[in-house]
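Chemist: Chain by chain, the residues:
2 protein chains.
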Amino acid sequence: MTERLVVIGGDAAGMTAAATARRRVPADQLDIVAFEKGNYTSYSACGIPYLIGGLVPDVDALIARGPDEHRRRGVDARTGHEVLAIDTDRRRVLVRRGADGVESWEGFDQLVIATGSTPRRPALPGVDAVGIFGVQTLDDGLAVRAASDADDARHAVVVGGGYVGLELGEALVRRGLSVALVESEPQPMSTLDPEMGALVADALRSVGVEVYVGERVEGFDTDAGQVTGVQTSARVLPADLVILGLGVDPNSGLARDAGIPVGTSGGITVDDHVRAGVDGIYAAGDCSESFHRVSRRPVVVALGTHANKQGRVAGINASGGDAVFPGVLGTAASKICKYEVARTGLNEREATAAGFDAVAVSIDSTTRAGYYPDAAPIRVRVVAEQGTGRLLGAQIVGEEGAAKRVDVLAAAIWNDMTVDEVASMDLSYAPPFAPVWDPTLMAARRAAAALG
Amino acid sequence: MTERLVVIGGDAAGMTAAATARRRVPADQLDIVAFEKGNYTSYSACGIPYLIGGLVPDVDALIARGPDEHRRRGVDARTGHEVLAIDTDRRRVLVRRGADGVESWEGFDQLVIATGSTPRRPALPGVDAVGIFGVQTLDDGLAVRAASDADDARHAVVVGGGYVGLELGEALVRRGLSVALVESEPQPMSTLDPEMGALVADALRSVGVEVYVGERVEGFDTDAGQVTGVQTSARVLPADLVILGLGVDPNSGLARDAGIPVGTSGGITVDDHVRAGVDGIYAAGDCSESFHRVSRRPVVVALGTHANKQGRVAGINASGGDAVFPGVLGTAASKICKYEVARTGLNEREATAAGFDAVAVSIDSTTRAGYYPDAAPIRVRVVAEQGTGRLLGAQIVGEEGAAKRVDVLAAAIWNDMTVDEVASMDLSYAPPFAPVWDPTLMAARRAAAALG
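These protein sequence lines map, in sequence, to chains A and B. Sequence positions in the first sequence follow this note's numbering and run 1 to 452. Sequence positions in the second sequence follow this note's numbering and run 1 to 452.
If you are wondering where the hints come from, they were derived from the structure by calculation, not from laboratory data. Hints should not be assumed to be uniformly reliable.
As the list claims (entries may be wrong) - Simulated coverage check for chain A against chain B, where a stretch passes if three residues somewhere in it have a Cβ under 8 Å from a Cβ of chain B:
no., stretch
1, 328 to 338
2, 417 to 426
3, 430 to 444
For glycine and all other residues, C-beta sits at the position ideal for the given N, C-alpha and C.
Whenever a hint applies, use it, and build me the whole structure from the sequences.
Modeler: Now the structure itself:
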């Protein structure tokens, strides 16, 4: 008998699930349908800032696999189709076809919910004006690019200093706009400890971004429905274009309405097989919770890497396999102007909040041997637990060659290593790549010394 | 009572031991003397190729700490002093002062042997001619630089395709010489599996190095004591300058003559505290064996990273502390022309020799997202154990951004991870730094699939 797998959401998590299931089970045993309400499938959302900034000239470059290609490979990918409801009892979803508004119920045996997330829009006066953008989908990105191309687009304001906002801010500088950033915290990049965020603020200023920290946005000036300014607690900034970089919320409403459990984080609750509490229903990607391996708590972290891995696990399990998603560390990286920024595990504040007696130590070093051409500065900060010496988190800010070093610390955290053990690890060295003590090892050594 | 720590050897291992001990114990409790037969202390031997090639203009740039600086910090560093014998019973060493040839016995309470290694000189006709260099010390490097500057220096031949030989070959190309490489194995870089070495051979050819593989060197032509050519099993290559890149042998003779145990590897036998079998005597760096964490065998691996870490452990233990050296993976990296080359753990041949039922898998990917500017090729090869799935080794060859990725795989091997676990790890991603599946994760996934 041919079963049917329905996937809601056509980007990283959903289409990875669909493609993984397709590779495992032939079409005569499993029918696979994916509904995507937007116009694109399987694209790199993380590439949107580079499309806007012009480093990636063509939208097609960001699309790993369009709907036609999915269909050729045996996945019935339907763009412009929005799922309106999930009926878990009768195992069907209500789908509206965008082209003509026709609604129909589509049955499933297995369901993967991969509905993604939506940028937060604060309930402030004027927030719905034309020219105020949250950027999550490729459609959003194209809208920003078009708006930034308008003849009268001069001033952009980024509200919120998370990595998406900062990447978009840099992109708009490249596009020739003057850009201001407003961040309510004392530093941008509040996923980093403040001293690391301060380096990022310096980098932004160096490319001409006006950085206003410690200021709250209180509303938006508009003229005939178009945004013209951003009111902060300290000033009014002119704005033809506003980017909301205040984070995202999981799109879990569809699941919640269907009685599928949603956690206090707002994400769909899943177990280590990404099962969503109802037999044969899975959730993956931004819409779902992940188990954080250090805090031991469910978290929502909207990252493409998690979406891909969870989608793969969902696809295996939804097609009769047995795969486990072992959790996340929240490892993330971003390039902000000349700086590479990366983090993994918990920062100092998060570690304290999670109940750890945490010590944080920073070191300054270089990406290559000090005497080698183009040796660039790098700062590594590690957070460790007093008593056990366990590495809890790490942050890196530096120039070319800095960010990817966070991976070795992620691997160390993944394996519950102490900073003393980390400092002993046998890492690679040659003058073009590192000082003889890699900055990551040096930071671990310094932390071991600080712990006594 | 003031004790006395004597260190034999003034580079990475020895001076790290001396400086570490100095920081731990004040001068009125511990007198520290270091004897170095050459002219320099605490220099970057790994930087020598860049000094010869001109990327590092000044020899001083390679010296982290000269003898005067050591003395200022309370370590009596004596260059031009060669230790001729160790008397373990009377706890003293016989030292010859180079300046006047005067010999004297110097007592010790604790001794750190850090005598380094010597490039292999095969017993071939003409091998002692002028112009044939092994390059291990800064003095050696300066001699090669001077020889390559001679007006009639046109042709250089590198004998042996290890990383030191290749780095020096590239340096001599930069210096304007024509360079040929002779390697008896089918590919250069025999620490890599052959398909990876083949990429390195391509890189060498691309900068104009003539690469002769599968040819043995059989002797050297000379004229009035100066080398003029290299005889291989297939041809005679003109040579004004020859670099011996055939590996190094540990300088363990001094220890062996004193009755200190030396292993079948040729290195001084040490325990996990780098104790050399006689109370109060330690050995560190190239002259000593290291415990290989994958093969579980003692090995000699001449790398600056090990020397620094072992020197630190020796310095702590020789000054009343308690530090462990937990072993090595043989992690190493090198830049050969446009390629970055790195390895860790065991290659396929080594894994088989160590008794593992090994499977090796290679993947090709890019250093950045495929659509991001300057995305460069990278090949990752992983070696895993059939049955357990344990990661045993990894090799990387690629362009800018490739080599340092080996560290995350080194961390995985360090922690005995399986390739399946590795593929699940939460590594960093952003389009300027990686595809959404980092090449290391992709290789681990592919290996997991190949293992079934």
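Chemist: Now look at each hint and say whether the structure bears it out.
Modeler: Hint-by-hint comparison with the structure:
| no. | hint | result |
| --- | --- | --- |
| 1 | 328 to 338 | holds (count 8) |
| 2 | 417 to 426 | holds (count 5) |
| 3 | 430 to 444 | holds (count 9) |
Comparing the model with each numbered hint stated earlier shows that all of them hold.
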